[in-house]
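Residue numbers (the working numbering), protein chains in the order written: chain A, 2 to 444; chain B, 13 to 195; chain C, 2 to 76.
Hints may contain errors.
The calculated label-pair distances, taken between Cβ atoms and stated as ranges, are [to be verified]:
no., chain 1, residue 1, chain 2, residue 2, range
1, C, L4, B, N130, 22 to 32 Å
2, C, P35, A, R372, 39 to 49 Å
3, A, P88, C, R11, 16 to 26 Å
4, C, P28, A, G208, 33 to 43 Å
5, A, R90, B, L70, 20 to 30 Å
6, C, L50, A, R372, 56 to 66 Å
7, A, R90, C, L50, 43 to 53 Å
8, C, P35, B, A180, 28 to 38 Å
9, B, F100, A, E150, 53 to 63 Å
10, C, L50, B, G81, 35 to 45 Å
11, A, A307, C, A42, 24 to 34 Å
12, A, G442, B, V175, 54 to 64 Å
13, C, G37, B, L70, 23 to 33 Å
What the hints contain is simulated information worked out from the structure, not anything from laboratory work.
Don't be surprised by glycine CBs; every beta carbon is placed ideally from N, CA and C.
Spelled out from the first residue to the last, the chains are:
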Amino acid sequence: MISPSRMPGRRLPRLLAGISSHRPARLSEHEQRYGPVPLPSRAAGPRRPGRARPGRLVDLVERSGLTGRGGAGYPTAKKMRSVIAAPGRPVVVANGCEGEPASAKDRLLLARLPHLVLDGIALAAQAVAADEAYLVVHGRQADLLASLEAAITERGTLGIDPVPIILAGIPHRYVASEQSAIVQYLNGGPGRPTFSPPRPHERGVKGRPTLVQNVETLAHLALIARYGDRWFRAVGLPSAPGSTLVTVSGAVARPGVYEIEMGTPIGQVVMLAGGPTKRLHGLLVGGYFGGWLPAKVAWPVPMTHAGLRSVGGAMGAGMVIALPGTACPLAETARVVRYLAEESAGQCGPCMFGLPALADVLTDLAYQGGRSRGVDQVGSLIPLIEQRGACRHPDGATQLVRSMLRAFPGDADRHDQQGPCYGVRRPPLLPVPPAHERGWGWT
Amino acid sequence: MSFSLNGPGLWYATRATGLVTLALLTGSVLLGVLTAGRFATERWPRFLTVGLHRNLSLLAVAFLALHVGTTVIDTYTSIPLAAAFIPFSSSYKTIWLSLGAVACDLLLALVITSLVRNRLGHRTWRRVHWIAYACWPVALGHGLGIGTDRSTIWVFAATICCVAMVAAAATWRFVTGARAGAR
Amino acid sequence: MGLDVRHRLRVNPIACTGHGMCAELLPEIIDLDPWGYPILASPEVPRHLLGHARRAVAACPTLALLMDEISSKHR
């Protein structure tokens, strides 16, 4: 355990404490702030991972109550235990792809605080006795890949990591960052989701149990290993402990990535980002796999998975997009669904055909008016698409559309009966990567 | 014409079963192409196409067994049983008989992999099944080359029909690219 | 104490290419969506339809229809 004099304060910022505004933190700066990574061996001798006792770090993680920060919020210790229990030598995969266009937290961590993430990977590999570790990011980010490679090499010469960390660039498609797609890509196949069972934690890379974790989760792991579970739980809620990174954008004064305590009310998160620049109509929480909420409903809701589920929303990977009253939620949703339809892997009929059909109906409803049929058409398409794909991609789209109808019934009715509102004319709000930024291959 | 082991009866049986096998194989190939092409009408459901394809193929194997059997027990020519499976193991019309052996092997591969395809997995099964497009012409080559019925008018006409149908079906299959497989 | 064996159908959506033979052979349970892909009304297969279900699973050209046996003990 790190000596108390080095322990950072019990409040925030924690992950973002050492962040610089323009360059990655160097290894020396990182170790000065946090101390060296608490791994048994940092000698330059032959590395023998051995079958380490899975006990200590996993127990610590369990007591700390860390949950995944990639969107699903699954308890990290539980995942680690299932990987340990499965037959075969485990593999660790750190997912830094961040397919959600509205999220920037993983990019920030990897670009500015790479050693936090790399520490987390090394610790996770030690804890599950893995002998292979991968860090995956979207392959087009050449600068990021270069700086990560440099950080890994620096650690390699000092013999810090018990297991060599392999950097992998995956295809720049939205679904390529889904965990089964990453596993298939690392196995030499195309970066497309696969049919499960088996799940990656049972059989993943090279048929071995694979621990896939979001890079932010691993960064938290790096600090929990140093400062312990009680420190981690000192912020946040008992049911949702610790801090988390959120990306706030839209009609706010200071869009960006912020570190908050879990359970912070959404309204407070918006105020952290400078507050709304216009009167808000609604908030999109959880990204394109999350859901719309009317601003008044969302404001007091605590930023936790359970809290958002209780109002019919989803926390996802912690994105909050503020929709001003001058924008049209139907137009925004139609554009996003069109993007999601184009990003389908094209493997499953209901997604491949259903999402474009849904996008067409939504575009008509938003921009031409529904002719009193639009809302019904949307309603009849959704059950034909939901839960009928191999991955959750189509479900994300239908969840978004359902939440739109639930949060903005007035807008939907007006478009249906009267026609498009003025909001459709304003420039687009929700980010959709332009065509030239998207990859078109799968390998 | 009495049926005896060294009379012409067995020889007729060999030729007949051979022709029937070829006809059944032709039907099977056509139905296979129709299956991939998702053919269906009001009165002809898709499961009928695939069911007939399966049954005709199994029937073809049965007739092939008869064809091989009558050939082997025919004492007019001494063709060992191995010649049905191993090319170049008979001195009688070696080349053409070898083609028959190859076609037989290919057909057995097709049928056996299809019978156990749920254990093989779809991808492996599919790769093996493409050899159907090799099996049929090789069988045809064996039939034409072995030479016994080439000059008979109706056999000739029937053969031309089979060739035309399979050629058309195969061309259509490859040209339309099979959207089921080309994703 | 007896053994209850139930049968459940599921579709591998990646393998499925919408041939539609399953819906022809088991129309009581399987219907087709507007794009030709199967919708299972209920995954549970009643005993009297088990033979038809097995035939439907065998007929699928891409082996996309799967049937699982779930056994549970009961008193």
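Violations among the numbered hints | 2, 5, 6 and 12
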